[in-house]
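Novice: Work the whole structure out from these sequences, hints included.
Letter by letter, the chains look like this.
Protein chains: 2
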Amino acid sequence: MAKELKDLTKRADNYSQWFNDLVVKADLAEQSAVRGCMVIKPYGYAIWEKMQHELDRMFKETGAQNAYFPLLIPKSFLSREAEHVEGFAKECAVVTHYRLRAKEDKSGVEVDPSAKLEEELIVRPTSETIIWNTYKNWIHSWRDLPLMCNQWCNVMRWEMRTRPFLRTSEFLWQEGHTAHATREEAEEEAQKMLKVYAKFAEEWMAVPVVQGVKSETERFAGALDTYTIEAMMQDGKALQSGTSHFLGQNFAKAFEVTYLNKENKPEYVWATSWGVSTRLIGALIMTHSDDNGLVLPPRLAPIQVVIIPIATKPEQMEQVNKEVTPIIEALRQKGITVKFDDADNKRPGFKFADYELKGVPVRLVLGARDLENGTIEVMRRDTLEKETRSIEGIAEYVEQLLEDIQKNIFEKAKTYRDAHIYECDNYEEFKERIKDGGFFLCHWDGTAETEAKIKEETQATIRCVPFGVEQTPGVDMVSGKPSKARVIIARSY
Amino acid sequence: MAKELKDLTKRADNYSQWFNDLVVKADLAEQSAVRGCMVIKPYGYAIWEKMQHELDRMFKETGAQNAYFPLLIPKSFLSREAEHVEGFAKECAVVTHYRLRAKEDKSGVEVDPSAKLEEELIVRPTSETIIWNTYKNWIHSWRDLPLMCNQWCNVMRWEMRTRPFLRTSEFLWQEGHTAHATREEAEEEAQKMLKVYAKFAEEWMAVPVVQGVKSETERFAGALDTYTIEAMMQDGKALQSGTSHFLGQNFAKAFEVTYLNKENKPEYVWATSWGVSTRLIGALIMTHSDDNGLVLPPRLAPIQVVIIPIATKPEQMEQVNKEVTPIIEALRQKGITVKFDDADNKRPGFKFADYELKGVPVRLVLGARDLENGTIEVMRRDTLEKETRSIEGIAEYVEQLLEDIQKNIFEKAKTYRDAHIYECDNYEEFKERIKDGGFFLCHWDGTAETEAKIKEETQATIRCVPFGVEQTPGVDMVSGKPSKARVIIARSY
Numbered sequence: 001m002a003k004e005l006k007d008l009t010k011r012a013d014n015y016s017q018w019f020n021d022l023v024v025k026a027d028l029a030e031q032s033a034v035r036g037c038m039v040i041k042p043y044g045y046a047i048w049e050k051m052q053h054e055l056d057r058m059f060k061e062t063g064a065q066n067a068y069f070p071l072l073i074p075k076s077f078l079s080r081e082a083e084h085v086e087g088f089a090k091e092c093a094v095v096t097h098y099r100l101r102a103k104e105d106k107s108g109v110e111v112d113p114s115a116k117l118e119e120e121l122i123v124r125p126t127s128e129t130i131i132w133n134t135y136k137n138w139i140h141s142w143r144d145l146p147l148m149c150n151q152w153c154n155v156m157r158w159e160m161r162t163r164p165f166l167r168t169s170e171f172l173w174q175e176g177h178t179a180h181a182t183r184e185e186a187e188e189e190a191q192k193m194l195k196v197y198a199k200f201a202e203e204w205m206a207v208p209v210v211q212g213v214k215s216e217t218e219r220f221a222g223a224l225d226t227y228t229i230e231a232m233m234q235d236g237k238a239l240q241s242g243t244s245h246f247l248g249q250n251f252a253k254a255f256e257v258t259y260l261n262k263e264n265k266p267e268y269v270w271a272t273s274w275g276v277s278t279r280l281i282g283a284l285i286m287t288h289s290d291d292n293g294l295v296l297p298p299r300l301a302p303i304q305v306v307i308i309p310i311a312t313k314p315e316q317m318e319q320v321n322k323e324v325t326p327i328i329e330a331l332r333q334k335g336i337t338v339k340f341d342d343a344d345n346k347r348p349g350f351k352f353a354d355y356e357l358k359g360v361p362v363r364l365v366l367g368a369r370d371l372e373n374g375t376i377e378v379m380r381r382d383t384l385e386k387e388t389r390s391i392e393g394i395a396e397y398v399e400q401l402l403e404d405i406q407k408n409i410f411e412k413a414k415t416y417r418d419a420h421i422y423e424c425d426n427y428e429e430f431k432e433r434i435k436d437g438g439f440f441l442c443h444w445d446g447t448a449e450t451e452a453k454i455k456e457e458t459q460a461t462i463r464c465v466p467f468g469v470e471q472t473p474g475v476d477m478v479s480g481k482p483s484k485a486r487v488i489i490a491r492s493y
Numbered sequence: 001m002a003k004e005l006k007d008l009t010k011r012a013d014n015y016s017q018w019f020n021d022l023v024v025k026a027d028l029a030e031q032s033a034v035r036g037c038m039v040i041k042p043y044g045y046a047i048w049e050k051m052q053h054e055l056d057r058m059f060k061e062t063g064a065q066n067a068y069f070p071l072l073i074p075k076s077f078l079s080r081e082a083e084h085v086e087g088f089a090k091e092c093a094v095v096t097h098y099r100l101r102a103k104e105d106k107s108g109v110e111v112d113p114s115a116k117l118e119e120e121l122i123v124r125p126t127s128e129t130i131i132w133n134t135y136k137n138w139i140h141s142w143r144d145l146p147l148m149c150n151q152w153c154n155v156m157r158w159e160m161r162t163r164p165f166l167r168t169s170e171f172l173w174q175e176g177h178t179a180h181a182t183r184e185e186a187e188e189e190a191q192k193m194l195k196v197y198a199k200f201a202e203e204w205m206a207v208p209v210v211q212g213v214k215s216e217t218e219r220f221a222g223a224l225d226t227y228t229i230e231a232m233m234q235d236g237k238a239l240q241s242g243t244s245h246f247l248g249q250n251f252a253k254a255f256e257v258t259y260l261n262k263e264n265k266p267e268y269v270w271a272t273s274w275g276v277s278t279r280l281i282g283a284l285i286m287t288h289s290d291d292n293g294l295v296l297p298p299r300l301a302p303i304q305v306v307i308i309p310i311a312t313k314p315e316q317m318e319q320v321n322k323e324v325t326p327i328i329e330a331l332r333q334k335g336i337t338v339k340f341d342d343a344d345n346k347r348p349g350f351k352f353a354d355y356e357l358k359g360v361p362v363r364l365v366l367g368a369r370d371l372e373n374g375t376i377e378v379m380r381r382d383t384l385e386k387e388t389r390s391i392e393g394i395a396e397y398v399e400q401l402l403e404d405i406q407k408n409i410f411e412k413a414k415t416y417r418d419a420h421i422y423e424c425d426n427y428e429e430f431k432e433r434i435k436d437g438g439f440f441l442c443h444w445d446g447t448a449e450t451e452a453k454i455k456e457e458t459q460a461t462i463r464c465v466p467f468g469v470e471q472t473p474g475v476d477m478v479s480g481k482p483s484k485a486r487v488i489i490a491r492s493y
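So the sequences go chain by chain: Y and G.
Sequential numbering from 1 applies to the first sequence in our numbering.
Sequential numbering from 1 applies to the second sequence in our numbering.
In case anyone wonders, no lab produced these hints; they're calculated from the structure.
What you were told as hints is all true, and nothing was included just to trick you.
Since the list gives no way to pick out one identical chain from another, each pair is judged satisfied if it fits inside one copy or across any two copies.
Within a straight-line C-alpha distance of at most 27 Å, the following computed BS3-like cross-link-like pairs (lysine-lysine) qualify:
id, residue 1, residue 2
1, Lys60, Lys50
2, Lys60, Lys334
3, Lys106, Lys116
4, Lys90, Lys116
5, Lys103, Lys90
6, Lys322, Lys351
7, Lys60, Lys25
8, Lys103, Lys116
9, Lys192, Lys484
10, Lys136, Lys25
11, Lys351, Lys60
12, Lys339, Lys60
13, Lys334, Lys50
14, Lys431, Lys484
15, Lys262, Lys351
16, Lys106, Lys136
In this text, all values refer to a predicted model and were calculated from it rather than measured experimentally.
Specialist: Structure below.
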């Protein structure tokens, strides 16, 4: 067994450490020299590229177009929307100067005090302000609406405690910003994009999600409503995996964006914004992976099939190549990504462990006996089940197997998730049971006070008012006051 | 004729103003609220996406993988490589603080002086330093080499005078950074990537380029050799369109990156870096476009074919739809991007001018007479030639026409370029003729003094020692000293 694998912390021993270990050992990312900023390594970035590719296609299908807005935002822009500045001005990277100069003693460089900016610039934590300041010039008449732009970019929030993918000072994301003529249209857009995210999470990441709407306390700073998809990790904690905001006319008013309606009267524009980030990679890892390493959904795996030969003599290698070449070709014909690892400096056992660690969904092994029998060994990463099959028709079999794995890991995650959603009406019971994780469907009186009390006493928060749950009135488990609906309460990342 | 088009400055009147006008009027980009930073609008960004798509494919074909490194670089990193700090520390955005706070009078936010960084961070002007600091941990043995990473990202250089696409404080680019075991391999890589850029410029952008190597003065800060592709704009000026650097062991030594060779002895690693940026869009515009607007190469045009109906009665519109639907389908089957513009709020004349302005390569117009005759009008943007053709087989015809346009604009640009390359051996003559633009093949004595004199007296610089030119020794036109080879001298963007 490879050294890397042996050192991987077991989930049962320390789930959090297991995650940190796995990110590094599976070559996904590592800490950089800059506090809180990670380097996304090629294997991790390849997953992000696959995510981007599909999400981008889905966004464009809704009519959104990509564009690019400046990295730096004038400080004063943040103040324009009162709640927004509250939420985002606190922890951000501030550019104050535009030049360095050599130190007098030539020992290095220092800030040139004569190159101080008149107004400081903020590295974007999110781009509503600079985008709405731009939209002002793009929107004049109802014919200019809807306007739907998305940008793929880096953003920065100066987080104090960071964890790779889950919470980093710099992260990669996409942010969609749309402008509409009516309230109804904007609300519809925000909900439509939530559904796009949910579909992507479930069908591509194989991560089941609860869709719902945030409480006022948990809303995006400047939004009238924040819609969310919440996933459950293997420790029962929630991970907010994507959000879509109905912003009302807040930003239109802050940046004076009006349009002439069909009656030629000026009206403020209605807005949404929506985003997902490299955090999705964290969700992927913590939903499916196990003590042997990553388990990746086939639709997002950078390598879908690895083929490993076990040959001891050179003449066997020749025969292996003869057998393997048509298999590789047949798989690639089907659009499947295959790696043939015939490196001779690593033993098969090391390779097996390494590709398990990296979560490659299907492993094919060709040994001496297989060469005699015209067979090949097939292992699926999700269950670690092995079987020996005839080489004939193997490409078709693997194609189907990849689909089965995709479905199986989704079902497995969903079964786990559903088994850990509980209705709970007793606060004492809740306080005890929340320690073991899970989503708790509880009645809530709708007040921020109750919400704050729960958070303080249990570290759990209201994740959302879930959609698609039949709601009946009840009694808040904390305050005893009447409640209209159950919300999902959980500890979260 | 549309108002937008009428207002476009003529190239002959003011080439520079024509460019600035066109960028805005064709909806490619606009100035943002942040000094020197542009907003890339959806139409401009769509061109960049097409460029990225093809370049990314070409990079991966050479074995490079994408990754992502931090936006911010510790100030001290820049000082590690002596020439590098000279070249890049001067004009850069410096992050000094990580928090804002509300002003006491609540009138806005201000920098929180208690949140000063111990060491300032620089918004990356290029990423050699942070990447080589990372490579140190990735490279141990000869088996880890070559290491070839690329990243698509934003960078920032605090430029004093900016122009959209050509020179902006923030720009988008890709930067490849490779590590090799031997000098030969690294030199080969740097030259290979130059060829990739040249191929992309010529085959996709239809922009002919001169490949060559920079003089020492014009080298990238920290490189032993900088290879370049130089394109000629319509005013005879040069535009450096892509560079590939052989970095020797400079960064390996600065960041202590060694590997164990096959004899188990430590050796410093050899490096290259290579990049192209959104500047390529500037090259595209200034090579092909005309007084009517953009002329885009079909392979990079966001919309390749536009179909405009001219119908005055509703029942005609129905017939138009019946005729057009199979044409659209047939074109899309061929992978051609088609827009059917049946908007009824703009007159056909406005649409014609607008799509000319936007450089859509082929326009199809269906009028009342065409409906009777089973014909359609075809216009090609490059020559503005119109012809009426039978609807039958129109998709095949358009497919071929797009290829013809791609070839034609390349040939046209090459003919222009070749007609403006001059051998010149007399400095007085040179000083006179350089005013009209063009590339001058002149003998150079190889000294920085001569180079500086030419630059000071004519604003022209040595663009490169061109490859593929038969060289014979001669005499420097300025100093009269012996010269081994002719270089290309030109004014440049």
